[in-house]
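**Q** The hints should help you fit chain G onto chain X, whose structure is shown.
Number of protein chains: 2
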Amino acid sequence: ASEARENGARRNLSPDAVINLDHGDPTVFESYWRKMGDNCTFIIAGYQSISYFADMKNLCWFLEPKLEEQIRRLHHVVGNAEVDDHHIVVGTGSSQLIQAALYALSPPDEREPISVVSAVPYYSSYPEVTDFLRSGLYKWAGDAQRFDKDAAYIEMVTAPNNPDGVMREPVVNRDQGTLVHDFAYYWPHYTPITCPVNHDIMLFTVSKCTGHAGSRIGWALVKDKEVARKMTKFIEINTIGVSKESQLRAAKILGVISDGCLHFGSPDADNFFEYSQRLMAERWQQMRDVVKRSEVFSLPEYPFQYCLFTGEFTEAHPAFAWIKCKETAEDCEELFRAHKILTRSGKRFGSDPKYVRVSMLNREEEFNLFLERLSAIQEISNGN
Amino acid sequence: ASEARENGARRNLSPDAVINLDHGDPTVFESYWRKMGDNCTFIIAGYQSISYFADMKNLCWFLEPKLEEQIRRLHHVVGNAEVDDHHIVVGTGSSQLIQAALYALSPPDEREPISVVSAVPYYSSYPEVTDFLRSGLYKWAGDAQRFDKDAAYIEMVTAPNNPDGVMREPVVNRDQGTLVHDFAYYWPHYTPITCPVNHDIMLFTVSKCTGHAGSRIGWALVKDKEVARKMTKFIEINTIGVSKESQLRAAKILGVISDGCLHFGSPDADNFFEYSQRLMAERWQQMRDVVKRSEVFSLPEYPFQYCLFTGEFTEAHPAFAWIKCKETAEDCEELFRAHKILTRSGKRFGSDPKYVRVSMLNREEEFNLFLERLSAIQEISNGN
Numbered sequence: 031a032s033e034a035r036e037n038g039a040r041r042n043l044s045p046d047a048v049i050n051l052d053h054g055d056p057t058v059f060e061s062y063w064r065k066m067g068d069n070c071t072f073i074i075a076g077y078q079s080i081s082y083f084a085d086m087k088n089l090c091w092f093l094e095p096k097l098e099e100q101i102r103r104l105h106h107v108v109g110n111a112e113v114d115d116h117h118i119v120v121g122t123g124s125s126q127l128i129q130a131a132l133y134a135l136s137p138p139d140e141r142e143p144i145s146v147v148s149a150v151p152y153y154s155s156y157p158e159v160t161d162f163l164r165s166g167l168y169k170w171a172g173d174a175q176r177f178d179k180d181a182a183y184i185e186m187v188t189a190p191n192n193p194d195g196v197m198r199e200p201v202v203n204r205d206q207g208t209l210v211h212d213f214a215y216y217w218p219h220y221t222p223i224t225c226p227v228n229h230d231i232m233l234f235t236v237s238k239c240t241g242h243a244g245s246r247i248g249w250a251l252v253k254d255k256e257v258a259r260k261m262t263k264f265i266e267i268n269t270i271g272v273s274k275e276s277q278l279r280a281a282k283i284l285g286v287i288s289d290g291c292l293h294f295g296s297p298d299a300d301n302f303f304e305y306s307q308r309l310m311a312e313r314w315q316q317m318r319d320v321v322k323r324s325e326v327f328s329l330p331e332y333p334f335q336y337c338l339f340t341g342e343f344t345e346a347h348p349a350f351a352w353i354k355c356k357e358t359a360e361d362c363e364e365l366f367r368a369h370k371i372l373t374r375s376g377k378r379f380g381s382d383p384k385y386v387r388v389s390m391l392n393r394e395e396e397f398n399l400f401l402e403r404l405s406a407i408q409e410i411s412n413g414n
Numbered sequence: 031a032s033e034a035r036e037n038g039a040r041r042n043l044s045p046d047a048v049i050n051l052d053h054g055d056p057t058v059f060e061s062y063w064r065k066m067g068d069n070c071t072f073i074i075a076g077y078q079s080i081s082y083f084a085d086m087k088n089l090c091w092f093l094e095p096k097l098e099e100q101i102r103r104l105h106h107v108v109g110n111a112e113v114d115d116h117h118i119v120v121g122t123g124s125s126q127l128i129q130a131a132l133y134a135l136s137p138p139d140e141r142e143p144i145s146v147v148s149a150v151p152y153y154s155s156y157p158e159v160t161d162f163l164r165s166g167l168y169k170w171a172g173d174a175q176r177f178d179k180d181a182a183y184i185e186m187v188t189a190p191n192n193p194d195g196v197m198r199e200p201v202v203n204r205d206q207g208t209l210v211h212d213f214a215y216y217w218p219h220y221t222p223i224t225c226p227v228n229h230d231i232m233l234f235t236v237s238k239c240t241g242h243a244g245s246r247i248g249w250a251l252v253k254d255k256e257v258a259r260k261m262t263k264f265i266e267i268n269t270i271g272v273s274k275e276s277q278l279r280a281a282k283i284l285g286v287i288s289d290g291c292l293h294f295g296s297p298d299a300d301n302f303f304e305y306s307q308r309l310m311a312e313r314w315q316q317m318r319d320v321v322k323r324s325e326v327f328s329l330p331e332y333p334f335q336y337c338l339f340t341g342e343f344t345e346a347h348p349a350f351a352w353i354k355c356k357e358t359a360e361d362c363e364e365l366f367r368a369h370k371i372l373t374r375s376g377k378r379f380g381s382d383p384k385y386v387r388v389s390m391l392n393r394e395e396e397f398n399l400f401l402e403r404l405s406a407i408q409e410i411s412n413g414n
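Going down the list, the sequences are from chains X and G. Residue numbering for the first sequence follows our numbering, beginning at 31 and increasing consecutively. Residue numbering for the second sequence follows our numbering, beginning at 31 and increasing consecutively.
Please keep in mind that the hints were generated in silico from the structure rather than gathered at the bench. Yeah, the Cβ is synthetic: ideal placement off N, Cα and C, and Gly gets one too. Do not take every clue at face value.
Listed next, with one range per pair, are the computed distances between beta-carbon atoms [claimed, not checked]: (1) X:Gln335 / G:Met86: 33 to 41 Å; (2) X:Glu342 / G:Glu395: 51 to 59 Å; (3) G:Asp139 / X:Lys263: 29 to 37 Å; (4) G:Arg64 / X:Glu342: 47 to 55 Å; (5) X:Ala406 / G:Glu158: 27 to 35 Å; (6) G:Ile73 / X:Glu342: 36 to 44 Å; (7) G:Arg318 / X:Trp91: 43 to 51 Å.
30 Å max Cα-Cα, derived DSS-like pairs, lysine-lysine [stated by the list, open to error]: (8) G:Lys263 / X:Lys384; (9) G:Lys65 / G:Lys96; (10) G:Lys263 / G:Lys169; (11) G:Lys282 / G:Lys179; (12) X:Lys96 / G:Lys282; (13) X:Lys322 / X:Lys87; (14) X:Lys263 / G:Lys377; (15) G:Lys87 / X:Lys377; (16) G:Lys263 / X:Lys169; (17) G:Lys260 / X:Lys260; (18) G:Lys282 / X:Lys282.
To give an idea of the interface, some chain G residues facing chain X are shown, with a C-beta separation under 8 Å as derived from the structure [to be verified]: (19) Phe59; (20) Trp63; (21) Thr71; (22) Gly76; (23) Ala182; (24) Tyr183; (25) Glu275; (26) His369.
Extracted from the complex, chain X is given alone in its bound form (with noise of 0.2 Å):
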């Protein structure tokens, strides 16, 4: 029990608890590291650690060696990304990296900021994230499918995207552009893994890899020395390098998931993301046998597809179910509220608020009651 408080969770929900599947937190995969037991303790004594510096010979001041060596040998073992010709710079989670990104990629001496944009329904935090400190560099100008603007952009490409799961390319395609491609959803749970990617500036997190989000780790892989450079002066400025600690322990995780794919498809499943991707497949299956028996709510298909990872035919299980109302109510998140189910709105992501996106990453009991109550909200709309 206190346990659960320390995580700022709710354990043993009452029946009319409030159930916020608003955020991504991916608590679903603690289940998984709770049966690992002490393979994956993190130890350092009070006196490791303690300099701003991590290797100065590195472009990346702050990036400790360790966990470079567990993010190159994790995308060699699961063949995402393309890693060797990277530079990579670590971040505060891949919100302070797409920051980063924005620093890096704008023209230092322009007179009117950069525009930023991605696809509707783009990741919600673009906006404001890009707008919230009324950059004189950069600027929010909204879905990259009606950019029109004769002028230099940067274009967000989210793949899967947040909040519908669809893999993306980019869209605007103009010669004034450059791109950030967003991959933290792109791993062997939530996707098929078609072909290791391999683009200017690639951003991963630790938080939808591993589950481990409060430990605020994400990585960039950049072509550019200059960009990857520029990107570090952010993190630098912005929050001097990057907690050592949450760095080491990651490299520690990264290092068990690693090691675990060498055992691929053995019987006790201790390998992370065939343990990961089973359970996302029984939620996406329990989700959609419900919305199947429903005239209200519909949800996306995604194709099979050949994982190079798994060595099977699979379809996507993102970690966000885009959810459509299709009669009932207008607004999709006004309806679950009411129902006690906390979502984000559809106008969160550009889109209409017919649509809700909602978290599939929760823990078993608030995913299990989330279900029942979508089960009865058909119910009651049916019998209207």
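**A** Chain G alone, transformed into the frame defined by chain X:
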């Protein structure tokens, strides 16, 4: 040796090694934490602190309750700040909290950015942190002593001051001003604690208190609830909270310090501040001995004051020496660089290039080599 590499530190310095005293990297305290051994070891299991959230009921929802408890306890034990009527906002170092404070204090709808000022010599990061994103909310306006605009402003009050160690008061003192008090160095090893400070926004950091700079943990004591809420919002957008590992380790370390303060004056000196004050006093004594024999350099003098914490009259032993070149070179930083000592030029602090800021917090070997070279410079100069 492998540990030295981990920390990015040089050990067994060659006689012609470059000594970097530009940063205030507080590795001097490593020896204390080494001495304390297992008492300070931090352990975290793989399944702990996975969530983004630490305490949903707290205004600062990502602040670990254990850290909040130990911060309040330490201020009570040391007596350096009033905490009972303040909210606590945790940040990724105090750099992030400076930006959070500027964001929280800026009027959101003004056409012109609010002026941010600080008296010369000011902390060299203030201009860069304020202006690096060319924010429309706030703008660096330089020396507080020359600020004559009839408009709203934010004044940064650093006490003791970085770079020169002087206890400071606000200098503009006009109605339209708000103050941010940066108390990073208001701890007994650096300066006599003459009273518990009590202001609207007070910033502290683990880096300069305990030496754990790699952890990137700072905290703000904030009186006004809305200001605390806006600072929390800044950190939410910027980095979605603060590393849980670092917070929990910091809680442990601060707890060890508070425990140790119960045994103040014991013969084995396991009190952190007693140990560290002695260390700083020794270094300053050695430094003053070298400078006294010099015709080239001078150092600031600090008054003897009664310290409420130690119960003794002491002078300040600041984290930085603010060295003035009396006659020779125009550019003191260049002079030091020619002797393979990296310092920070007075120009960076809005002051004269005859000054440099020199870190007093490096490891012993580097500090000793620095003193050797400092003596040598004097001999050469005297010989001219």
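**Q** Which hints, by number, does the structure contradict?
**A** 5, 7, 11, 13, 23, 24 and 26
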